[in-house]
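Please build the complete structure, drawing on both the sequences and the hints.
Protein chains in written order, with UniProt numbering: chain A, 1 to 676; chain B, 1 to 676; chain C, 1 to 676.
One should not assume that every hint holds.
Since the list can't tell identical chains apart, any single copy or any two copies may satisfy a pair.
[Claimed, not checked] No more than 27 Å apart at the CA atoms, straight line, and that leaves these computed lysine-lysine pairs for DSS-like:
#, residue 1, residue 2
1, Lys325, Lys567
2, Lys96, Lys167
3, Lys532, Lys665
4, Lys185, Lys73
5, Lys427, Lys328
6, Lys674, Lys11
To be clear, the hints were calculated from the coordinates, so they are not data collected in a lab. In this text, all values refer to a predicted model and were calculated from it rather than measured experimentally.
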Amino acid sequence: MKFDPLFKQHKIFHGCDYNPEQWLDSPEILEKDIEMMKQAHCNIMSVGIFSWSMLEPEEGRYNFEWLDKILDKLNENGIKVFLATPSGARPTWMSKKYPEVLRVWENRVRALHGGRHNHCSSSPVYRQKVHDIDLKLAQRYANHPAVIGWHISNEFSGSCHCELCQKNFRIWMKNKYKTLDNLNKSYWSVFWSHVYTDWSEIESPSSIGENAVHALNLDWARFNTELCMDFCKHEIDTVKSVRADLPVTTNFMEYFYDYDYFEFAKILDFVSWDSYPQWHVFKDQEQTPLYTAMNHDLMRSLKGGQPFVLMESTPSLTNWRDTSKLKKPGMHKLSSLQALAHGADNIQYFQWRKSRGASEKFHGAVVDHVGHLNTRVGKEVCELGSILEKLGEIAGSRVDAKVAVVFDTQNWWAIDDAMGPRNVGKKYLEVVQDYYKVLWKHGINVDVIDETCPLDNYKLVIAPMTYMIRGDYAKRVTEFVRNGGTYVSSFWSGIVDDNDLTFLGGFPGPLSEVLGIWDEEIECLEDDETVKVKVGAEEFDATHLCALIHPHGDTKVLGTFNSDFFKDYAAVTVNSFGNGNAYYVASRIEYSYLDKLLSKILGDCRVESPIESLPFAVTCHTRYNADTEYLFIGNYSDKSADVTLKESYDDLLSGQKLTGAVTLKSYDFRILKKKK
Amino acid sequence: MKFDPLFKQHKIFHGCDYNPEQWLDSPEILEKDIEMMKQAHCNIMSVGIFSWSMLEPEEGRYNFEWLDKILDKLNENGIKVFLATPSGARPTWMSKKYPEVLRVWENRVRALHGGRHNHCSSSPVYRQKVHDIDLKLAQRYANHPAVIGWHISNEFSGSCHCELCQKNFRIWMKNKYKTLDNLNKSYWSVFWSHVYTDWSEIESPSSIGENAVHALNLDWARFNTELCMDFCKHEIDTVKSVRADLPVTTNFMEYFYDYDYFEFAKILDFVSWDSYPQWHVFKDQEQTPLYTAMNHDLMRSLKGGQPFVLMESTPSLTNWRDTSKLKKPGMHKLSSLQALAHGADNIQYFQWRKSRGASEKFHGAVVDHVGHLNTRVGKEVCELGSILEKLGEIAGSRVDAKVAVVFDTQNWWAIDDAMGPRNVGKKYLEVVQDYYKVLWKHGINVDVIDETCPLDNYKLVIAPMTYMIRGDYAKRVTEFVRNGGTYVSSFWSGIVDDNDLTFLGGFPGPLSEVLGIWDEEIECLEDDETVKVKVGAEEFDATHLCALIHPHGDTKVLGTFNSDFFKDYAAVTVNSFGNGNAYYVASRIEYSYLDKLLSKILGDCRVESPIESLPFAVTCHTRYNADTEYLFIGNYSDKSADVTLKESYDDLLSGQKLTGAVTLKSYDFRILKKKK
Amino acid sequence: MKFDPLFKQHKIFHGCDYNPEQWLDSPEILEKDIEMMKQAHCNIMSVGIFSWSMLEPEEGRYNFEWLDKILDKLNENGIKVFLATPSGARPTWMSKKYPEVLRVWENRVRALHGGRHNHCSSSPVYRQKVHDIDLKLAQRYANHPAVIGWHISNEFSGSCHCELCQKNFRIWMKNKYKTLDNLNKSYWSVFWSHVYTDWSEIESPSSIGENAVHALNLDWARFNTELCMDFCKHEIDTVKSVRADLPVTTNFMEYFYDYDYFEFAKILDFVSWDSYPQWHVFKDQEQTPLYTAMNHDLMRSLKGGQPFVLMESTPSLTNWRDTSKLKKPGMHKLSSLQALAHGADNIQYFQWRKSRGASEKFHGAVVDHVGHLNTRVGKEVCELGSILEKLGEIAGSRVDAKVAVVFDTQNWWAIDDAMGPRNVGKKYLEVVQDYYKVLWKHGINVDVIDETCPLDNYKLVIAPMTYMIRGDYAKRVTEFVRNGGTYVSSFWSGIVDDNDLTFLGGFPGPLSEVLGIWDEEIECLEDDETVKVKVGAEEFDATHLCALIHPHGDTKVLGTFNSDFFKDYAAVTVNSFGNGNAYYVASRIEYSYLDKLLSKILGDCRVESPIESLPFAVTCHTRYNADTEYLFIGNYSDKSADVTLKESYDDLLSGQKLTGAVTLKSYDFRILKKKK
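Below is the structure:
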């Protein structure tokens with residue numbers, strides 16, 4: 001199959017957030033910017049993200065001239081633009097004149113002006129002001145030759161508890177539940193006498209009010225996903241009213257918790273995200289690359305595998321962590337190419353040039369305060385730019401994954417909010433990553449999906465801790481296995497429905513049949529406590545939680561607990577169901593066992609890596625396009641490592657033929673290709 | 001002596017909180033409940049605790065029919081009822097219509113509706129609403145054959161800082177101090193110029209206002225004890241206006257800090273409490289049983305030794321701790337019988353059936369979400385029920401304690417609030433438990449009393465850290481020792497009077513004569529610091545605080561400090577006074593020394609355990625009735641243990657004669673009896 | 001040179017805060033106080049600090065009779081007085097009647113009455129009330145023979161965010177920036193669109209509003225320094241309107257952060273401070289004495305070396321730390337004489353007699369609750385008093401320092417507020433103390449100055465982490481080195497200007513020429529991470545931050561990094577510049593290296609200690625007067641130690657001639673003198 005690249009151009013884009021409004025007093029600096037962008041092989045800039053106060057310095061008075069000049073100059077130099085709507089940070093005059101635009105926190109205190117990304121999404125005034133500026137921008141620039149897409153607002157997040165939002169929440173609730181009786185039953189509100197007798201009694205969750213009704217908390221998070229989408233849609237509609245075919249995105253964030261991105265992505269034309277991994281911080285050198293890899297896979301999976309944009313990253317350090325570490329030589333190239341390996345078509349940074357003042361002045365940028373590119377960082381960015389120029393053919397190519405890992409945001413909310421069996425250290429993400437790690441270390445392509453995504457195209461679906469069974473998920477899992485799929489489940493699965501009401505009649509509820517077990521009780525281990533699991537002659541450590549299960553008649557027991565009062569209870573089972581198999585892992589068993597278990601399963605499913613026996617901290621991923629397969633190999637360790645290719649490849653950068661053993665130095669990478 | 005059981009029935013009651021209002025839509029579940037209650041040998045249920053919104057779904061419209069049916073059905077099946085007043089959680093409509101019922105926190109912010117146990121106790125509206133529903137309940141059910149007592153509200157706690165409460169506080173202050181001059185002197189308010197010149201200037205302690213006047217903080221806590229009692233009395237008066245002889249209780253909590261329970265218990269007919277020990281959490285297997293044992297002894301002592309009700313406990317896990325651990329097999333029976341050993345006549349749970357939704361759905365219950373009793377937990381509850389059925393003769397029997405440990409809530413408040421000599425890790429409870437532990441490990445019955453309780457019936461009174469000397473306590477201690485009693489005191493005793501004013505002229509103030517020492521200074525050790533104490537040829541570690549004392553002429557020095565600049569200062573002394581002896585322990589000396597010291601004292605006082613040399617984590621306690629003594633032995637360790645009976649007993653469950661060596665498996669117990 | 005003592009008397013003053021208003025009901029106690037003051041050789045008392053409610057019990061009604069009696073009685077007994085203005089704690093009636101006097105916190109909540117040191121400094125009502133009482137006090141007592149100075153208010157601190165203060169802040173901003181354009185440029189407010197378009201939009205920093213604009217935060221701190229000074233000046237003007245020549249002070253605090261004391265000291269006649277070191281708490285016995293020594297040096301340097309007053313200290317323990325440790329025998333004398341060694345002329349305590357009630361009743365005092373001086377503490381205070389009586393000739397003598405350490409409060413604010421490269425553990429004070437420690441252990445006199453102080457009189461100036469280059473500091477440093485001075489700088493220097501705008505064109509900005517380096521990047525090490533630094537054949541550990549620098553052509557590299565990717569980068573450099581030398585230390589290198597480096601530099605600069613090779617925890621300092629030099633030697637360890645005198649001295653206390661080896665027992669000291 002042949003795919004179109006995102007922006008109809010066969011190039012990998014390389015660029016930055018560009019904030020020239022900070023330097024308008026220094027035309028010589030703006031001049032030098034363009035020169036250096038070319039030196040760094042930059043061909044795209046995101047412009048206007050925080051420009052509102054420069055575009056509309058007082059209410060209704062607009063000033064676009066400076067931006068005209070910038071866009072023209074970029075265009076003249078062949079640099080494309082994502083044009084931002086400036087709603088992420090409003091001018092000070094607006095907060096002063098219209099306090100309703102300021103957010104009210106859950107403690108019912110209204111914010112003063114400050115920070116960013118903190119408007120009320122319900123405020124009619126704010127929506128009007130955003131509409132006005134967005135429309136002006138669209139009318140002026142939607143057809144500008146430099147502009148290839150819209151960067152809507154910036155890093156949407158959070159929620160507002162003002163009366164306008166409360167009112168919207170009540171309307172949303174009424175639409176969802178129709179009657180208070182439905183609502184009360186779903187909320188089990190009779191417990192603690194919290195029955196609602198009038199819609200007006202509903203208030204958003206609050207640390208000074210209702211905060212222990214889990215279904216309310218879940219609904220509040222769902223409502224906020226939809227409210228934020230509605231706000232974003234309001235912006236999209238405005239800019240598309242001028243030119244409908246210019247694609248829109250908004251920049252997403254790392255393992256984001258405030259909203260359900262699988263919902264949110266539906267209103268975007270393409271997905272982009274801001275990635276700031278903590279390189280060189282952890283003793284375990286695999287931790288950061290695999291954590292980041294899974295997030296790239298998640299971003300790609302949000303829109304069914306379509307290439308995504310790495311909208312922000314840093315060429316050196318961040319400035320908002322406890323300790324801000326530099327990227328060691330080579331790491332910037334490697335980490336940028338990691339995004340490519342997982343499906344990105346753009347590599348972009350925050351920001352082009354470091355600000356002189358305010359809170360982000362020490363955040364890494366391409367151009368440092370010294371003002372030139374003859375720096376360690378500047379030189380590595382230039383090198384990467386010249387590499388990316390050679391990778392145009394990869395643009396638009398896809399990742400083919402036969403394995404999916406389920407990581408579901410709404411389930412995450414529900415797990416974290418539940419009281420018991422653990423209230424500290426729920427670790428949903430960590431447990432999912434236990435399984436993802438095996439796949440990463442084996443160099444297997446993986447999609448990271450949620451419970452609403454189709455399962456049919458996978459051979460193997462791994463879904464630990466599916467506490468909340470949403471919609472028809474259990475039914476689709478059952479069909480998937482019946483039709484020959486392999487499914488891996490774990491402890492703390494099949495406990496509640498969409499409304500956080502427990503299933504009656506035995507856990508894992510609607511997954512009981514396909515998994516072939518009854519989960520009677522769940523034991524929580526102390527943080528320093530382990531139990532033993534016996535598999536054949538071997539013994540493994542297990543921690544965290546232990547489901548005390550009873551296999552159904554035909555279910556096969558692969559391992560048993562070997563300590564505590566539940567010694568000899570089944571710890572790992574597999575149920576042959578229809579043409580497939582459904583595994584259940586009753587505790588958090590150590591990595592070496594998961595590796596054995598999944599290796600066996602991958603073999604049974606005939607899912608293979610292009611490279612066998614990858615060394616420590618070395619992994620590989622593939623993309624394909626028409627008749628070509630691209631193989632990305634990266635070494636994330638601080639030591640050299642050898643890999644053995646199964647087949648013969650062309651090195652895309654050197655043009656060399658490669659076969660057999662290849663040595664990668666620390667932080668080195670290879671981009672290889674072969675005919676499919 | 002022959003005692004009447006609490007409810008005139010010679011049975012140990014076994015039951016639960018029962019919340020059928022959650023299941024009114026499922027009559028088949030209510031039907032099955034009754035069947036299973038009988039299967040579990042349950043004969044009592046606490047009903048109606050959170051039922052207000054079902055009983056009064058809108059203001060003034062009552063609905064009792066569902067409750068009629070439940071009480072009738074329980075009665076038909078021989079199950080008795082504690083009927084709750086529903087004031088612990090109010091309907092949502094009430095908070096909406098009458099915001100004054102919502103509590104105001106110390107930061108002067110009024111709560112939104114949510115949670116429970118958080119009404120304003122001063123609110124006239126709330127008192128009226130509570131009166132109305134309580135009266136309706138009493139009129140309808142006080143003479144119902146199932147009902148044997150009132151469960152007033154639920155887990156009273158906290159305080160409200162609204163203007164109504166402030167006004168009540170000022171009235172209370174005026175009653176107590178009569179003149180502002182008296183108040184100012186007691187508060188030493190001239191320090192920092194905080195002199196009150198008008199009663200209206202008094203405000204409750206607040207993190208945003210006055211928070212360092214200890215006497216004010218103490219008065220606020222005392223006022224809140226009285227205000228809550230007044231609220232509770234208002235409820236009691238209402239229900240007793242219909243039927244005066246139906247006994248009332250409210251369920252107390254673990255080592256409760258908000259109110260002074262020794263005061264509170266005075267208005268109740270019997271004491272009940274909610275006990276949720278952390279079984280299997282601590283490495284030291286003695287920690288949880290002895291911590292719980294002391295709390296049982298405290299609850300029994302609140303009303304002079306009268307049997308109490310274990311109103312709530314869990315048959316498996318809780319859901320509100322960091323980690324919720326299951327009770328291992330046997331522990332449920334053992335922990336329930338522990339309550340019995342210390343004087344309980346009822347064993348009850350929260351709750352009968354797990355809720356499907358809301359915040360406590362994963363709190364252990366008799367019936368799990370699976371819906372039957374064929375579970376590990378269900379089966380152990382049934383077993384326990386059948387054991388309790390055989391123990392009817394124990395109901396009403398008493399505990400005879402010759403030793404009292406003083407643990408005084410008002411003193412606890414004062415110690416914690418004092419600034420210096422330690423501000424972190426005051427550890428009053430821990431230090432008291434150091435001494436209690438010796439008694440528990442020796443199998444000695446103990447009363448846990450406060451400074452207001454009579455001392456005359458004891459041979460030995462142990463009172464560590466009596467920082468605050470309340471009322472005539474010092475005088476009564478002096479009389480007690482003069483008359484032959486033995487008293488054990490410690491560092492940080494005799495420092496302030498009821499108003500937190502220090503004694504002048506030398507510590508321990510009014511205890512100086514009986515203890516025979518002058519406490520010149522107090523040294524605080526760092527948390528990781530120890531000093532040495534020398535007793536004869538032996539040396540022990542001491543930590544926490546060291547009183548630097550000077551014994552009076554006749555006072556005997558039993559041990560001395562052996563390090564730091566106060567080497568050779570007296571560390572343990574005894575003063576022969578009148579016919580008795582008064583000991584002073586100047587630091588927190590390690591357990592092995594306390595064991596030696598108290599063993600010697602117990603011998604001198606001729607206080608003996610029914611079993612000598614109890615193994616690790618095994619203890620025993622006795623109750624008696626008319627001419628029979630009941631001996632409870634429990635093994636709280638995960639290993640088997642042997643004990644040697646001094647005399648011959650009948651095993652109450654097996655009917656066997658037992659003498660000499662008895663082996664108890666892990667978590668096993670024995671209930672033995674013999675003629676006195 | 002011959003210096004006048006502070007109060008024209010050739011005596012070292014010894015005394016306390018004296019709060020007789022707490023004991024007016026007990027005339028016998030007041031009588032005994034005077035007797036005991038003489039017993040303790042006390043000759044000064046600070047009176048009236050918290051007396052407002054006793055002086056003005058209701059608005060406009062004054063009561064001075066009790067104070068008349070106290071001052072007369074003190075005078076009759078030869079005891080001098082610092083008379084306090086009582087503005088540190090206002091009467092309760094005032095807060096009730098005029099809520100505007102109460103402070104508003106940064107979260108915009110107004111405090112309730114409580115605590116102290118928490119008035120609004122802008123409030124016209126408060127200023128009027130303070131003026132009234134101050135004027136009355138001055139009129140009545142300014143010429144009282146006992147009174148030798150004013151103790152203005154008490155421990156000024158904090159800030160208020162009320163509308164009155166906001167208004168003052170806006171006026172201050174207008175005065176500073178003249179135009180909004182200047183302000184916006186300085187604040188780099190275009191970042192995040194925070195451009196101010198009207199002065200009324202400016203609000204003080206707030207956790208619920210603007211909190212990430214560093215220049216705003218800095219201005220707020222500067223404004224509060226000036227506002228507090230203005231308030232203090234208002235009090236000074238009032239009391240000086242009656243008698244201009246009576247000297248004023250206010251008591252400063254330890255390494256104070258809220259205000260810039262170098263500014264504040266300008267309006268005072270003499271500096272006094274409250275010193276509460278944590279003796280005996282740290283394993284490293286040098287930590288507390290050197291930490292305290294540097295603070296004494298800072299206090300002395302605030303007014304150019306003029307003697308200062310130790311206004312508060314404790315003779316035993318404090319009561320506001322986690323753990324309050326007693327001073328071990330000897331430590332009280334030693335720690336008091338430490339203040340003297342660094343330039344104090346008074347040794348005073350908080351407080352004379354322990355209060356009976358309220359929050360500070362367990363704070364150490366001369367007279368304990370027992371009521372006499374026959375205590376361990378009382379006796380040591382008396383001994384010290386008798387020693388101080390013999391030291392009159394030292395009064396007024398000066399410290400001659402040839403070395404200055406720069407520790408700049410505004411730079412401290414800026415470092416702590418900056419985001420990146422570290423956000424946790426900035427450690428400015430700790431890094432400065434690394435260098436101070438070498439000097440302390442060598443027995444070298446040091447001034448502790450800020451960037452505004454003259455440098456000309458020093459041979460060596462050590463200025464680590466001068467992140468912010470204030471005013472003409474860089475120019476003066478350059479001149480200082482050019483003229484032959486030696487300057488030591490470190491990593492994270494020369495980054496921003498007064499407005500927290502980074503220097504462009506390469507760090508360390510205006511220090512680049514004199515230091516002879518370019519600082520390209522800064523790497524932050526994890527807390528448990530070290531890198532190696534190689535100097536000749538030796539290797540040292542470095543932690544915290546590493547500047548990756550490039551020496552200019554002539555700059556000499558003394559050491560290089562020896563690990564990580566910046567192996568072989570210069571780690572220590574020296575630039576010969578003009579007649580002087582400028583060192584740069586690129587990381588936090590371990591003590592043993594700093595000792596080597598500074599020992600060499602001290603030798604090169606010909607700065608010598610009176611004693612060579614001081615043992616562990618033993619140090620010495622000198623003062624001089626006319627033709628005499630006083631040598632103070634103190635042993636802060638718990639072991640005996642020997643020092644060897646280079647010359648012959650007279651022991652000021654024993655009168656003995658001392659030469660060669662001298663042994664100091666644990667916590668012992670010597671005061672020696674010799675002709676210059």
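**Report entry** Structure-inconsistent hints, enumerated in ascending order
**Finding:** Of the numbered hints given earlier, the structure breaks none, since each of them holds.
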